[in-house]
Structures are given as structure tokens and as C-alpha cells.
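**Student:** For chain U, the structure is supplied; the task is to place chain D on it using the hints.
Those sequence lines, one after another, are chains U and D. Residue numbering for the first sequence follows this note's numbering, starting at 1 and increasing by one per position. Residue numbering for the second sequence follows this note's numbering, starting at 1 and increasing by one per position.
These are calculated hints, taken from the structure and not from any lab test. All figures in this text were calculated on a predicted structure; none of them were measured in a lab. Each residue gets a CB set at the ideal place from its N, CA and C atoms; glycine is no exception. Take the hints with a grain of salt, since some may be wrong.
Here are a few chain D residues that sit away from chain U, every Cβ distance over 12 angstroms (derived from the structure) [what the hints assert, rightly or not]:
| no. | residue |
| --- | --- |
| 1 | HIS27 |
| 2 | ALA244 |
| 3 | GLY282 |
| 4 | GLY465 |
| 5 | GLY491 |
| 6 | VAL505 |
From chain U, some residues computed to sit far from chain D (all C-beta separations above 10 angstroms) [what the hints assert, rightly or not]:
| no. | residue |
| --- | --- |
| 7 | GLN10 |
| 8 | ASP51 |
| 9 | GLY197 |
| 10 | LYS412 |
| 11 | LEU421 |
| 12 | GLY526 |
Here are a few chain U residues that face chain D, going by a calculated C-beta distance under 7 angstroms [to be verified]:
| no. | residue |
| --- | --- |
| 13 | ALA7 |
| 14 | THR103 |
| 15 | GLN106 |
| 16 | ILE208 |
| 17 | ASP221 |
| 18 | MET356 |
| 19 | LYS515 |
Each chain, written out:
2 protein chains.
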Amino acid sequence: MTGFTPALMQDYALTVDRFLDHGAKWHDAARVVTAGGSDDDQTIGYRDLRDRANRLSGALLGLGLGPGDRVATLAWNTQNHMEVWYAAMGAGMVCHTLNPRLTLAQLAAMAVEAGDRVLAISADLRPLGDALMAACPSLEHLILLDGEPGQAEPRVIDLETLIAARGRSVAWGEFEETTLAGLCFTSGTTGAPKGVGYTHRSNYLHTIRSLQADAMALTADDVILVAVPMFHANAWGLPFAAPAVGASLVLPGRVTGGPALDRLIRSHGATVAVGVPTVWLGLVDHLDLTGGDLPSLKRIILGGAPCPDALLQRLESRLGVTVQTSWGMTELSPLGAISPATAQPHARRGAGRAPMGLDLLLTDEAGRPLEEQRNAVGRLKVRGQSVIQRYYGAETSALDAEGWFDTGDLAKIDDAGNLALAGRSKDLIKSGGEWINPMEIEEIIGALPSVSLVAVIGRVDAKWGERPVMIIEPTGDAAPDPAALRAALKGRVADWWIPDQIVAVEQMPLAATGKINKTQLRAVFGDA
Amino acid sequence: MTGFTPALMQDYALTVDRFLDHGAKWHDAARVVTAGGSDDDQTIGYRDLRDRANRLSGALLGLGLGPGDRVATLAWNTQNHMEVWYAAMGAGMVCHTLNPRLTLAQLAAMAVEAGDRVLAISADLRPLGDALMAACPSLEHLILLDGEPGQAEPRVIDLETLIAARGRSVAWGEFEETTLAGLCFTSGTTGAPKGVGYTHRSNYLHTIRSLQADAMALTADDVILVAVPMFHANAWGLPFAAPAVGASLVLPGRVTGGPALDRLIRSHGATVAVGVPTVWLGLVDHLDLTGGDLPSLKRIILGGAPCPDALLQRLESRLGVTVQTSWGMTELSPLGAISPATAQPHARRGAGRAPMGLDLLLTDEAGRPLEEQRNAVGRLKVRGQSVIQRYYGAETSALDAEGWFDTGDLAKIDDAGNLALAGRSKDLIKSGGEWINPMEIEEIIGALPSVSLVAVIGRVDAKWGERPVMIIEPTGDAAPDPAALRAALKGRVADWWIPDQIVAVEQMPLAATGKINKTQLRAVFGDA
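Here chain U stands alone, though its shape is the one from the complex (with noise of 0.2 angstroms):
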């Protein structure tokens, strides 16, 4: 760090086992919380959660795994998969977290590109785990988590018995603040799933990044309900927020439910909860149905997925909070924007704004910067300090030849600076030669009570390249007549963007995080 000239300030590593350190030594009076049944749920401080995780970096060394060494877990939101994180990273080992919703398939091929050494898994997915091992020979160690202490068995042991019997204090950080903290691989709705890196000094500046005031701005006076998975992006990075500021943690488990999360909130205090909108509308039902409250609760923050405005509306009026929206990608740490809480309604309804440490550029779809950056439509690439620079194992860059990473998403920009997501890039049609974008029709066809989920694809078609096919899911037994969302599209969307072809389903195909799959559907309606 120092060239020729003697280093007049200190060196500090930014790796991310400061964060329980400090959450252990100045914030103590804080609880992490783990959703059990309604009398057993499990607290903990962060004093002694960073002392297990400590010691949990013993036990790993002394299952012989060491630094660069990846720990898989393939586990809900509780206090030991966080223990296995900290454990992990604190000792230099890359903590590789796994989609329990994901095919044995999918999960297989990325544990064996990783080349994962150990699984811990929540015990409630120990058949799963089980055939994990089998089809991925690095995997050594089973380590069962979220349950009661058993018998160890071969390469299988429970995390007490192995803090127990291997668990020893050890020195934490000591190694470069570029050294891999996390691995994530994206979702793949559209392609085939690639892994995300992070490295530590990414995670750190991402955390102080979202705890800025018209970010995150969690306090040490915040409890904050994690309703996003830790398998996630890093959970939004929240397992590292917390500690950073001395805020408590509720963490919710294998059940998401209205009911379950209701009554966390309740419990413990929750002030901010933090998760998709599909989540808080199971909330939000729930409450209507029981017509209970929660007070304690005074802000929701959503991302994942555009969130409709009515149902924003609804969460605002119905439970009293301040709702910001945020977009994100797992290539970004993951969080992109953010809408500040102090904002005005109508600025927090899009995508919010990007807090210092990234930047965005829109292009036209040929790679060149629109000549007007706000208020118009464009490809959206960003740089920043926590953006991809290169898939996990990838032979080239991820960017483009300016540095930028390409996130594949339309969107706009107004004079704000307030950022809204018009589509995915990859969904555009081009018929006749022309651009048409599915999203526009979504939104349209999606706010008829009669549907469910809509979905727009392209198909191949012989004169003009490719003709939009819209499938849609009914809310009720009988599909609605496809002359009436013809009619609904009218006058609102050119005449050539509406669809020939309208296909009612018994059920959309969802990928693991809740996202419409629109490869699957592709694959079904898009050939000609």
C-alpha cells in the first residue's frame, strides 16, 4: 500500500468479519433472532454469536479446509447459517450459498463448478443434502444446522457437536481485502446460472454504501425482519448491516407466510422488514383477514421484482409504514437504487435513486450512450465498487470495452435522478423490424382483475421475424375472452404490438425465485 513513501495513514483491511466485531464489542444489547415455534424462539447476542463463529472457524481448519476453501450452505434465515457465514469469511474460506428451491440438477452442477469442500444444510433439507453429496465428489462434510444435536455420523455432524468437539478461537481477517468472501450464482430465469464473486472489500463498501441515511439508514435502534433469503445476494447484505450498526435481527426460518411473519413482527418489535412484494401482500392479506396491527413496524423495504402500485398503496395505507422500493441484481452486492424514505410518495413508486459508489449509463440497444441520459428509454449498464468485473470462472470479462457491466435491463432516468425499470432487454421483440416491449403490455394486461400473471414473449415468425405470443395465468376457473384483453390494449400500445396469439395456462412456470420463467416459456411457445 505504501510505494516509496511511508504510509501516513493507517492500513485497515475492509474485510467483512470487522462488521460482528464491532457488532460484538459495542453492540451486545442487540438480539439476532431465529424464528422457532411461538415459545421457542432462538436469541442470541452478537458477543456470543461471533464467539461460535469463531470457534466454527476452528472446527472448519480442523476438518482441514483452509483459506480459498468453499463452504456451501443450502439453508433458510437462522442463527447458524449466519454462524456459518461469519465462520467461513472470517477464515478465508468463500461461503458458496444455495437455492433450496433449486433442482437437485441446477444445485449439483454449481456445488461441482465451485468445487464446494463442505454443505451445511438447514436439517429440515438433510434428503436433499444427502443426494447433493452423492453427485458432487468435492464435497467432504455434511454439516447439519437449524436442529437438535444427534450422533455424528460418517461425514455428517451437527454444527453443536462440532463446535463441541473441533470448535477453537482463532484469528480472523489477516489476509487481503480483495480475498473472496461469498459465491452466488444468479437465478438463470433466462440462461444458464453464472456465479457472482464477492470479494471482501466489495461486501464492505456495499454495507457502508446501503446504511446511508436515504439508503438503508438502519439504526442501533432498528429490528429489522430479513424476509429475503440469505441465499439471496448475501440477503441484501443485511447479516452484514446489522452488526455494522448494532441493529437486531429477526430471522424468520424456513416459513414466509402472513401469519408467521406477523406474528415475528409482533414479537420481537420489528421496526423495518425487508424482503420481495409477494412477501408483504401474504402479510398484508393475512392482517386483513385477523384485523390485527403492527406498530412497531415503520418502514417495508421491497425489491426483487417491480412491485405494483396499488399493492404499495395498500401496504402504505393498511399498515401505516413508509414503503421504499429498490432494484438490485445479485452482480451488484446486490443493490442498485433505492428509494429514500424521506422522499416524497410519488419518488418513492420507481426504482429509486443510485447512492454513491455506483453509476449508471443508458444505451441504445447497439451499445452507443444515448445523447439524453433522463427521460428516455435505455439499455442500462452501471460501474461501481461492488459490481461483477467477471463471472466465477469465466475466461473473460463481463464487461464492456468502457468497463461498464451490461445489466440487461430497459430502463429510464428522470431529471432527479430517479431510476424505473422499463423490461428486461433480452424480452424484446423485434417484429418488422421494430422494437416492441413486452413490459408495456404486461403492466396493461396485468391490472385486469381477471388475470393472474401475464407474459409476453417473441415468436418466430416468417414475415416479420418474430410476432408477440402473451400467456397468461386467470384468477379464476374460465380464461378470459381474448377479443376483451385485445380490446384492453387498444388505443394504449400500437396496433402491431398486440398479440396475435393469446394462450391461457393452468399455472405459470416460476423460476426458484419467484420470477415468471420465460425460457420455459420460450421453449413452449416460441418456435413457430
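**Tutor:** Here is chain D on its own, set in the frame of chain U:
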């Protein structure tokens, strides 16, 4: 950065020019206001300020300066001063801020040690600037700020003429983040001034650390009155923090009396005001006289000196604001600790908590860590991401063998992590082998209506080693009765702490920062 594996996350150097770039691109609606008279305050947006500063970088290069060269400033809080900062730092030069309230001899010693090549001064400081040019042979150019464009003289040019004649846009950044950005000499109330060199990285990390919701919590809605001088530890980082979040700045120029601040807050709707306690005393005295209110003002962030509890309560009740106390040092960039705006009143009385990025350790006078780090007074040591390692030009480290920087402060930390300062370690008086803490005596005597200022120092004593001497500046013309002063101490401190000798002075000697100059008091009253 990459080692032998290709980097998976983007390289993104933490350099301060990015703050102004961010403000210019995303927050051009924010304003930087510089006080003129009542009708001619000067206003600019971040885009124009960035363009001017960037062209000024080109002009400095045109004068023959290059990366690493030192550009000194001797100036008030103004737009032009801020432009020089970014012009120098953005181009990889070092901005050396000088305090106009120091003597010529002190300034010359600093400029010579720094080897400054350019001196940028507020035009009203021209005589001092000329004298400094004469006293420091390395100074080649004098740039006049904050004034009218004038005739260029040999080696003297005003800013507008310089930008018009030589300004050109240049690329900012593109150097290592550990490059030196700033230089600031400590005030030296108790010793020779020492230079603290800030790097781009240390300033960048200090900025995003201070922006946390439990720290300065600045937002794009804020209008920040910066009453702390830009020559005093980077004005606590506000010229970096404001464009980073899109907040507006109000820069008061030379005049920081009550009437001037009242007008500025009112005219520009300031929401946050930042500065030392005496400044706000002047403001509230003025408002009591005129009967005005400041409805836009929500918060005052105090620092630089301990604030009497009575003043703090008066500010909160008279102004209807939340007061956040803080503690910092030039060597800490400067923020050490701050009380959260949302904390309960009693928790906003001390020095606050240390946000993530700085660690604290209490030791005894021999440097051994106190066994009990809570609720006991010890010598305060720190380490962290924006803490000094070595003074400018020093041959040896400023840290102890374990890497801690000794602040020289005595402090106590409560169970919740709240820091309370308890005097300066070097002010302690050793009498009969036991310690006397002057601060405890000064707090009792300073609260008496008859006493305006008080200082207790040690006098060499043949029998006891040292004995305390109390120097007071009375409130009125008549010196208070020494017997009455001793009676006020009786029963509140140990009998042997009570000063034998009490001296009344007409005017207490003050250092350039406004603190009592104990070095000078010791020279006069410290010998037997």
C-alpha cells in the same frame, strides 16, 4: 489488486473526486451558497462547481505543478476555496489547508515543512499572504480567491483570471487510492504543530462512515450550514459528504457571528448546522435579543470542544432542534464518535458512540489495557480506517507497538458504548505520586457565574513534585474571592486537589482554534 487469479469484482479506486462527480451528475438541483452581503450571496450547482474545479486542475497543471505537489490554502469557507480543494485533489496534488488565525511565523514553518508551491488565499488576507510568500521560498504563485477579478501581477493572479487564461478540462482520479489528498497541521495547543496527511482512501472511507444514519445522517433534502472552518480537519468532511449525498451547502465565509448565521439559515432554509459550541452560543444569544425563530433548522452537530450541558439544553429548547454531540481529532479525519440524532436526550450528552470503522481501547498511564473497558476512566487509544499512522515528514510511526494511536485524551465508556471525555492525559498533574485531573476542577469552577474561563495546570513543587495552579478570567471586572472558589471545590474533590495558588488574569491566552493555550500558561505559571 488481483494476485494470481483474475479479479471477480470491479476495480474502483476510492478517490474523493468521485464525490463531486456524483453530485454533479445526480444532484445538480442542490446548491452551494457562499455568503456575501444580504443581497449578493453567491450560488452554484455541483455541475458548474465541478466544471470550474476541473478546469482549475488544468490551470494548476499549466502553472507547472504536477501530481504530489502541495497547494496551500489560507481561506474562509467559500465556493472558491472548495474549488481549489477539488482542483488540487482531483489532479493528484495535495491540498494543504492553513489556518488564517495562526501567526506568520507558525504559517511559514508549516508552509516550509510542506514545501508548498502555490498559495491560494481569500483576497481579504492579502497582506498575510504576501508576507507568507516572502517567508516561504518554495511558494511560486499566489492565487486570490473570493474577490473581484483584477490585474495579474508577477506571481499573483486572481482565480477567475487564472481559470479564463489557463483553465482546461482534465481527467480526474487515475491514481492509487492511497495517494495523499490533504495536509493539515494540528493546532499545537500543547506542543509544536504536526502535519496530518489524509489520503484519498482515508477521506473516502471517513465520508461514507460519517453518512450512516446513526452518525451525520445527511440526505439530499438537507441544507448544511458549515460553520466549522475548512482549514480545521477538512471542515469535518462536509465538502466531501454533501455532494456524495446531494445535500446543499451554505458556506458562511469569514463572518460567523450570530446575526450572520441567523440570516444565512433563514435565507437558505438550512436544516443542519455544524460547528463548535461557541458559534451556536453566539447564534442563540442573538436570537434571544431579536426574538426570531429558525423553523427550517432541525439539527445541530456539535464538536471541537466539550459543550456545557446548560448550553446544549438551551439550544434544544430555544431552537427546537436536536443537538448531536461528537468527538474528533485532526488525526482521525476527524470524526471519532457522535451521538445519534434519534438517541434519548441523556445519550446525546457525552461524545457519542464510535461508528463502524474506528475501534477504541482504554489503557492505564503505562499503556496497559484496562481490564475493565467499561465505566472506568482510562487513556483513550484508537485505530481504524481513517486514523493517522505517521505524521508528515516524521521518521517514526505515531502508533504504539500494537498499532494503536494514543489520542492523549482520558475517557470513559458506558455499557451502551457511549464515550465521555474526561480531560487530557498530558494535563494530568502528579502530586505526591497521585494524579489530579484538572478537568474535574475546571468543570466545577467553570460553572460559577463569577468565572468566565478557567484552567488548572501543574506547577513544579520541590516537596510534592507538582501542585495545581488555577488561572481564571473573571466574568466582570472584579476577581472573585479565592476563598470562595476553594469553598466551591470543598467536598466535591479531594482536599489535596484544591489549588494552593489562584491567579486572576484579564484575558485568558487562547490558541488559534479558540481553545485555552495551556502551553503558554505553563510557561508563565508552571515554574516554582
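**Student:** Now tell me, hint by hint, if it's right for this structure.
**Tutor:** Status of the hints after comparison with the structure:
1. HIS27: For HIS27/D, whose nearest Cβ neighbour in chain U is about 7 angstroms away, the distance does not exceed 12 angstroms, so it is violated.
2. ALA244: violated (5 angstroms)
3. GLY282: holds (28 angstroms)
4. GLY465: holds (36 angstroms)
5. GLY491: Since the minimum Cβ distance to chain U is about 36 angstroms, GLY491/D lies beyond 12 angstroms and the statement holds.
6. VAL505: Holds: least Cβ distance 39 angstroms, greater than 12 angstroms.
7. GLN10: Violated, since 5 angstroms does not exceed 10 angstroms.
8. ASP51: Its Cβ never comes within 10 angstroms of chain D, the nearest being 17 angstroms, so this holds.
9. GLY197: Its Cβ does come within 10 angstroms of chain D, the nearest being 4 angstroms, so this is violated.
10. LYS412: holds (15 angstroms)
11. LEU421: holds (17 angstroms)
12. GLY526: holds (33 angstroms)
13. ALA7: holds (5 angstroms)
14. THR103: Because about 26 angstroms separates THR103/U from the closest Cβ in chain D, which is outside the 7 angstroms limit, the hint is violated.
15. GLN106: violated (21 angstroms)
16. ILE208: holds (5 angstroms)
17. ASP221: holds (6 angstroms)
18. MET356: Cβ of MET356/U sits 5 angstroms from chain D, so the hint holds.
19. LYS515: Since chain D brings no Cβ nearer than about 24 angstroms to LYS515/U, farther than 7 angstroms, the hint is violated.
Hint compliance for this structure: hints 1, 2, 7, 9, 14, 15 and 19 are not met, and every other hint is.
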